[in-house]
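Residue numbers (the working numbering), protein chains in the order written: chain H, 1 to 96; chain V, 1001 to 1326.
Source of the hints: derived by calculation from the structure; they are not laboratory data. Treat the hints loosely; a few may be bogus.
Sample of chain V residues lacking proximity to chain H, with all beta carbon distances greater than 12 Å (derived) [said to hold, decoys possible]: (1) Leu1123; (2) Gly1275; (3) Arg1276.
What the simulated footprint calls covered on chain H by chain V, stretch by stretch (three residues with Cβ under 8 Å from a Cβ of chain V suffice, anywhere in the stretch; the number is not a length) [said to hold, decoys possible]: (4) 13-23; (5) 26-34; (6) 42-52; (7) 58-67; (8) 73-83.
In this text, a Cβ means the ideal position worked out from N, Cα and C, and glycines have one as well.
One letter stands for each residue in the lines below.
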Amino acid sequence: MTPDLIYGLTGIAVFAIGLTGALCAQDRLRRVLALKLCSLGAGFLLVVAAWREPPAAPDPVPHALVITGIVVMISATAVALALIRRLQSLEAEDDD
Amino acid sequence: MTDPFLILDLLLAGAVIALAVATLTVRDLFAAIVLFIVLGLLSALAWVRLSAPDVALAEAAIGTGVTGALLLKTLHHLRYVAGTLGEQTAHGVTPVTPVPMSVIWANAAFCGLITLGLAIAFLDAPLGGPGFDALVADAIPASGVDHGVTAVLLNFRSYDTLMEVVVLLAAVIAVWQIERGLSEAPSPDLSVIWQGFARLTLPAIVVVGTYLLWKGSEAPGGAFQGGAVLAAVGILLLLSRLYVPRPAHRALARWGFVLGTGVFAGVALLVTGGGRVTFEYPPEHAKTLILLIEGLVTVSIAVTLAALFHGREPVAVRAKEARHDA
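Put together the whole structure using the sequences plus the hints.
Written as structure tokens, this is what we have:
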């Protein structure tokens, strides 16, 4: 049992939970949360791939990729949330 | 004897999985978002265990902190529009029609198959194998910085980072377009204590953000982490209404959004010449150029993230309303 095995399986589990949630969730906000779980799981796997047995330094390239992924993810989240806000406002106007 | 760190790893992994399940199953959306924030912080802790402090910092600051603020702000808006603001409601905000159990089971089976495939592939994959470690270690002296991740982000793979900044710029443009003409939920009335808190913490946050940026050339930290921490300054200013966006500030904000991308692309083009290709910094100026890019990209990231939190662009109508209120 090494950290890479433990956290690698954790990442896969989080990705699976997110995927199931994205397919089954009804609420829009919750679906965004589910997709964010998927991205978190993918991040786990990349960080695990970069890990080396402690005296050795980890591989910086996957780390840079995950940081890029985190920034791209917050951009996508912000646009998704803006669309949700707009959709909700339009629906509320239709109801009136 | 069992390694105490192994127990920590197992506990953290268990907590992360449990929180992921709880985020999607808890009925109250506010609780779901808070659980997601806790999940992000624990993931950051797990990544520190995997000796990835840069990624952990970015996840804690951007993936959890700023994202959490965005999610909570959206929930506030949705509840305001739905008219359930302030109610102790346990329901979601989108009308729910029941899904047939057969669909749920089919989805679950499908996801189970994918997960099984991923797990088998992961267990078969060689871990800890040779990656780019040796290449990066060889090239570091020529990169102008001493820290691997910063060298990769701002020298070896600059195209990725430039595109990342462009994505952020595209996001803020999209949000301004989507929210055009959208009525805004009144921001919650925050007490005087909150303003005092903001006054006390703002200088400290500015120092921490700048330190993260400066330290990035030799130790974990850098433009993205520093930018996110500085974005927290903007969010605090907006929340405590120490700063109220005015239509006249739009031009300044636009300059702020494009500053990082512009300087990054400008440097990339300027160094071409003398037989060099795009992004091939001359070694003797590499550190200066990287710090220049990082500093201005940090400003852009901070302004953009704060603008993403604020949502719609400040328009003239709002200023009139504000004057009516006053």
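Verification of the supplied hints:
1. With a minimum CB-CB distance of about 8 Å to chain H, Leu1123/V fails to clear the 12 Å threshold, and the non-interface call is violated.
2. Gly1275/V, annotated as away from the interface, keeps every beta carbon of chain H farther than 12 Å; the closest lies near 26 Å.
3. For Arg1276/V, the condition that its CB be more than 12 Å from all CB atoms of chain H holds, with the nearest at approximately 22 Å.
4. Under the rule that three or more residues need a Cβ within less than 8 Å of chain V, the assignment of the segment 13-23 of chain H holds, with 10 such residues.
5. For the segment 26-34 of chain H, the stated coverage by chain V is satisfied: 8 residues place a CB nearer than 8 Å to a CB of that chain, which reaches the threshold of 3.
6. Chain V is given as covering the segment 42-52 of chain H, and this holds because 9 residues of the stretch bring a CB closer than 8 Å to a CB of that chain, at least three being needed.
7. For the segment 58-67 of chain H, the stated coverage by chain V holds: 10 residues have a C-beta nearer than 8 Å to a C-beta of that chain, and at least 3 were required.
8. Remark: the segment 73-83 of chain H is confirmed as covered by chain V, as 10 of its residues place a Cβ nearer than 8 Å to a Cβ of that chain, reaching the required three.
Going down the numbered hints, you'll see the structure goes against just number 1.
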